[in-house]
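Here is what each chain is made of, one letter per residue.
There are 2 protein chains.
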Amino acid sequence: MLREQGSQFMPRYDAAGLITAVAVDHVTGSILMLAHMDAAALAKTRETGFAHFHSRSRGRLWMKGESSGHVLRVIEIRVDCDQDAIELRVDAAGPACHTLAASCFYRRLESDGTLARIEV
Amino acid sequence: MLREQGSQFMPRYDAAGLITAVAVDHVTGSILMLAHMDAAALAKTRETGFAHFHSRSRGRLWMKGESSGHVLRVIEIRVDCDQDAIELRVDAAGPACHTLAASCFYRRLESDGTLARIEV
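One line per chain: the protein sequences are F and V, in this order.
My numbering puts the first sequence at residues 132 to 251.
My numbering puts the second sequence at residues 132 to 251.
The following block holds chain F by itself, in its conformation from the complex (with noise of 0.2 Å):
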């Protein structure tokens, strides 16, 4: 099981070319974020050290703040066991949701269903 207890580095994409990111903050270990990376954006984000995705909906490379600032300084890389997801461990610039929330997972799914908004 070389890309399960092994040190060689190797992504295992999708049938789409993706694998899954999780940005955390690197001091905390929260979750910011989720989103996806082809090989591109996880190459970009090795060489600049800033976080690079693959936008599903928009078919493109796109650098996380790049428009809104809020870029993500990539302090650490993880992969997970069978290598299709990976952990960034970040130092955020400044709120990792679009909507300005500190991390996307930001509302609760409460017992009769509906999402309750909580601090995080």
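Check before you lean on any hint, since a few could be wrong.
All copies of an identical chain are treated as equivalent in the list; a pair is satisfied when it fits inside any one copy or across any two copies.
[As the list claims (entries may be wrong)] Listed next, the in silico DMTMM-like pairs over lysine to aspartate or glutamate satisfying Cα-Cα at most 20 Å (straight line):
#: 1; residue 1: LYS175; residue 2: ASP243
#: 2; residue 1: LYS175; residue 2: GLU241
#: 3; residue 1: LYS175; residue 2: GLU207
#: 4; residue 1: LYS175; residue 2: ASP222
Simulated from the structure, these hints should not be mistaken for laboratory data.
With chain F held as given, fit chain V onto it using these hints.
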């Protein structure tokens, strides 16, 4: 933008009928594992209080820990802005990774491109 800012839970499944689920420790908030859910897995998770996923490789519903006993008791569910990803805040009964690491994200990408095992 009802889906992005509203109080209605309306998960956005992808073309394969899946959303991404990230399990994090409910105390520390640190990331444990990432998997996918279809509507059935999400319903079963909400109904039982234990994390269920859809296995893309095996094409079936599974409960995390069904064979290992390392179940994830769900304390809280959060959803991201565009509702195509959820955060499961869990109490883990054992190592989240099938390799017996506490988290699946137990390797760090080094600058030379190799992976180094870390304590998580």
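Against the structure, the hints:
In this assembly of identical chains, LYS175 and ASP243 lie within 20 Å of each other by CA distance solely across copies; the values are 16 Å between and 43 Å within a copy. In this homomeric assembly, LYS175 and GLU241 come within 20 Å of each other (Cα to Cα) only across copies, at 16 Å, whereas the closest approach inside a single copy is 39 Å. In this assembly of identical chains, the alpha carbons of LYS175 and GLU207 lie at most 20 Å apart only when taken from the same copy (14 Å versus 35 Å across copies). Taking the shortest Cα distances, LYS175 and ASP222 sit within 20 Å of each other inside one copy (17 Å), while across copies they are farther apart (36 Å).
In summary, this structure violates none of the numbered hints.
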